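Novice: Okay, here's what each chain looks like letter by letter:
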Amino acid sequence: MDTTTNTPEKTREVPARFAHIKGWGADLDHAMRPAYPMERMPARLEGDHSHPPVQQAQTVEILQSIERPSITPIFGTPQPPSGISGMLRRAAFGYSESDLRHWLMLLFADRVNMVEGLGADLMRGHVPNLFAEMGGKAEFKYNRQAAIQKAVVVSAVVGLGLLLWSQSKGRESDRRHHRHSGRHLHGRY
Amino acid sequence: MLAMNYRGPYRVRAEQKSAPYIEHPGDAIIRVNRACICGSDLHLYHGLVPDTRVGTTFGHEFTGVVEEVGSSVEKLKVGDQVLVPFNVFCGACYFCQRELYSNCHNVNPEASAIGGIYGYSHSTGGYDGGQAEYVRVPMADVGPTVIPADLDLDDAVLLTDAYPTGYQAAEMGDIEEGETVVVFGAGPVGIFAAKSAWLLGAGRVIVVDHVDYRLEFVKNFAQCETVNFKEVDDMALHIKKMTDWMGADVCIDAVGCEAAGNFAQSLTGIKLKLQGGSATVLHWCINSVRKGGKVSIVGVYGPTFNAIPIGNAVNKGLTLRMNQASVKRHLPRLIEHIQAGRIKPSEVITHRMPLEEVADAYHMFSSKLDNCIKTVLVPPRAMAST
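Protein chains in written order, with the numbering used here: chain A, 1 to 189; chain B, 190 to 575.
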């Protein structure tokens with residue numbers, strides 16, 4: 001690109017009030033602006049690009065928007081659809097991109113996929129370190145007070161949950177005991 | 190190889206996974222030496238982008254060394270040090286022929302409205318990203334640019350997205366000499382948009398955010414005025430008062446779908462996902478710009494819909510321009526700006542962390558801890574050589 005044209009910066013025509021701003025007006029001339037005009041032909045790419053790329057071999061399942069006639073020549077292959085989330089994603093791709101159901105089903109599939117990910121971790125004997133995965137170390141280092149507050153709140157909620165659970169279990173046990181005693185009494189009389 | 194691995198909202202880890210391989214004759218395999226976390230990666234991290242699959246490696250801002258090339262690659266050579274634009278694009282389709290590389294129609298089977306992006310969900314083509322030791326780069330003769338010998342690697346990695354996106358934001362504002370430009374968002378893209386506005390001849394640049402340390406940074410980096418919106422009752426009214434009751438000539442949305450500042454928008458757009466993100470900044474842009482003014486949008490929004498005051502935009506006769514940056518078309522000029530000393534993009538980098546600490550890096554960026562503005566992840570082998 002030619003940068004020797006008479007930009008304000010080059011010709012020292014920068015207004016005094018902008019003199020402290022390095023490069024002021026260097027691209028004031030629209031011709032200096034790299035994306036002007038918006039649609040620029042021919043494209044400034046090296047080489048011959050008159051033909052579309054050859055088709056990439058499809059080795060895994062690729063979901064395709066129904067707003068396209070066919071799969072694109074190039075695509076990514078990691079994480080093909082699988083499991084229940086995969087079924088949801090396949091169903092989502094039955095709708096067009098302008099249909100809200102398409103996107104909501106994909107978001108729901110993402111949440112299901114998260115649970116599947118946890119299950120897959122446990123299946124291979126890996127217990128995820130949620131503290132580390134959520135940046136707990138950084139939180140404790142740079143936001144210690146909030147980290148302690150969170151830890152206290154989480155501990156309190158978990159403790160309360162355990163307490164309520166143990167109490168309800170105790171009540172259930174008592175009820176079972178009473179029912180059992182009742183049947184016994186009925187049987188006796 | 191070691192790679193960032195997404196496990197669900199707010200959960201990532203560094204983990205070994207299979208290394209990429211040549212899947213198409215136009216591919217290259219790049220050994221990554223720098224990978225940034227982008228503000229838009231946080232939308233993935235927060236679980237807001239549909240079809241973000243567990244196991245995906247994020248990262249669309251990276252540089253590296255060419256490790257291997259496919260049989261049809263002619264220009265790129267093994268050993269070349271390259272920066273890779275975040276767009277995956279073919280160079281041959283209707284849109285690429287018009288330099289609209291971010292809108293390439295040949296690289297994303299999963300959607301027709303969106304182009305291809307590295308490490309940005311299957312909604313953008315399902316490519317793994319560069320927050321890893323190695324990454325597959327399709328169309329290697331089209332996308333990657335060999336890094337000039339005099340260009341610092343940290344400046345180069347910011348040319349893959351953040352700086353070109355900020356520049357394009359200003360450029361789409363079609364700034365004329367002396368115009369007043371308001372940039373919403375003091376993240377890296379907003380910072381570069383503010384700096385670029387001066388290069389395009391703006392007469393006044395105002396940046397709006399609510400994070401004080403970022404406002405302080407942009408005030409020094411881009412010599413602009415700043416406004417903390419938490420100290421303002423009504424944003425549009427405030428801009429009117431600052432501009433002699435006319436409104437700004439150009440408003441730039443460099444925030445996108447996770448904008449704070451309006452409870453109803455945050456509730457419906459972020460928490461309940463009833464719209465494609467919080468449209469608070471779009472509101473502010475439309476209502477703060479003058480009649481006949483220009484609104485430039487580079488903030489990322491979801492694919493569904495947003496509640497915005499389109500009636501006001503019509504009544505004011507606004508020009509709305511928006512797109513993902515077509516990085517490749519900007520590179521020659523932006524490299525010149527760096528070489529001429531007009532801008533030093535790497536000054537926005539506040540944190541350099543090993544890839545192994547990716548979970549902490551994401552959390553710090555997301556929660557704005559330790560005055561974080563921009564984080565660069567460095568894979569183990571590259572870390573050893575720095």
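Just to be clear, a hint being listed does not mean it is correct.
[Said to hold, decoys possible] Below, computed lysine-lysine pairings styled on PhoX-like, alpha-carbon distance capped at 25 Å:
hint	chain 1	residue 1	chain 2	residue 2
1	B	Lys-419	B	Lys-462
2	B	Lys-533	A	Lys-22
3	A	Lys-150	B	Lys-557
4	B	Lys-460	B	Lys-419
5	A	Lys-141	B	Lys-557
6	A	Lys-137	B	Lys-557
7	B	Lys-264	A	Lys-22
8	B	Lys-429	B	Lys-419
9	B	Lys-206	B	Lys-419
10	B	Lys-505	B	Lys-533
11	B	Lys-460	B	Lys-557
12	B	Lys-430	B	Lys-419
13	B	Lys-505	B	Lys-430
14	B	Lys-429	B	Lys-505
15	B	Lys-430	B	Lys-480
16	B	Lys-462	B	Lys-533
17	B	Lys-462	B	Lys-480
18	B	Lys-460	B	Lys-429
19	B	Lys-206	A	Lys-137
20	A	Lys-150	B	Lys-460
21	B	Lys-408	B	Lys-419
[Said to hold, decoys possible] Label pairs and their computed distance ranges (CB to CB):
hint	chain 1	residue 1	chain 2	residue 2	range
22	B	Tyr-402	A	Pro-128	29 to 37 Å
23	B	Met-435	A	Pro-69	26 to 34 Å
24	B	Trp-434	A	Pro-80	54 to 62 Å
25	A	Glu-46	B	Ser-260	18 to 26 Å
26	B	Tyr-402	A	Gln-55	47 to 55 Å
27	A	Pro-42	B	Gln-412	32 to 40 Å
28	A	Val-60	B	Phe-494	25 to 33 Å
Please keep in mind that the hints were generated in silico from the structure rather than gathered at the bench.
Since the structure is predicted, the reported quantities are computational estimates derived from the model, not experimental observations.
Where a beta carbon is used, it is the ideal one built from N, C-alpha and C, also for glycine.
Novice: Hints first: check each against the structure and report whether it holds.
Specialist: Taking the hints in turn, this is what the structure says about them:
1. Lys-419(B) <-> Lys-462(B): holds, 24 Å
2. Lys-533(B) <-> Lys-22(A): holds, 11 Å
3. Lys-150(A) <-> Lys-557(B): holds, 17 Å
4. Lys-460(B) <-> Lys-419(B): It holds: about 21 Å lies between the C-alpha atoms, which stays within 25 Å.
5. Lys-141(A) <-> Lys-557(B): Holds, at about 13 Å.
6. Lys-137(A) <-> Lys-557(B): With Cα atoms ~15 Å apart, Lys-137(A) and Lys-557(B) stay inside 25 Å; holds.
7. Lys-264(B) <-> Lys-22(A): violated, 35 Å
8. Lys-429(B) <-> Lys-419(B): The hint holds at about 17 Å.
9. Lys-206(B) <-> Lys-419(B): violated, 44 Å
10. Lys-505(B) <-> Lys-533(B): violated, 37 Å
11. Lys-460(B) <-> Lys-557(B): holds, 20 Å
12. Lys-430(B) <-> Lys-419(B): Roughly 17 Å between the alpha carbons, so the hint for Lys-430(B) and Lys-419(B) holds.
13. Lys-505(B) <-> Lys-430(B): With a Cα-Cα distance of about 18 Å, the restraint between Lys-505(B) and Lys-430(B) holds, given a limit of 25 Å.
14. Lys-429(B) <-> Lys-505(B): holds, 14 Å
15. Lys-430(B) <-> Lys-480(B): holds, 15 Å
16. Lys-462(B) <-> Lys-533(B): Cα-Cα ~38 Å, so violated.
17. Lys-462(B) <-> Lys-480(B): violated, 32 Å
18. Lys-460(B) <-> Lys-429(B): violated, 31 Å
19. Lys-206(B) <-> Lys-137(A): It holds: about 24 Å lies between the C-alpha atoms, which stays within 25 Å.
20. Lys-150(A) <-> Lys-460(B): Holds, at about 20 Å.
21. Lys-408(B) <-> Lys-419(B): With a Cα-Cα distance of about 17 Å, the restraint between Lys-408(B) and Lys-419(B) holds, given a limit of 25 Å.
22. Tyr-402(B) <-> Pro-128(A): 29 to 37 Å: Holds, at about 33 Å.
23. Met-435(B) <-> Pro-69(A): 26 to 34 Å: violated, 49 Å
24. Trp-434(B) <-> Pro-80(A): 54 to 62 Å: holds, 57 Å
25. Glu-46(A) <-> Ser-260(B): 18 to 26 Å: holds, 19 Å
26. Tyr-402(B) <-> Gln-55(A): 47 to 55 Å: holds, 50 Å
27. Pro-42(A) <-> Gln-412(B): 32 to 40 Å: Between Pro-42(A) and Gln-412(B), where Cβ atoms are some 38 Å apart, the hint holds.
28. Val-60(A) <-> Phe-494(B): 25 to 33 Å: holds, 32 Å
The structure shown violates the earlier hints numbered 7, 9, 10, 16, 17, 18, 23.
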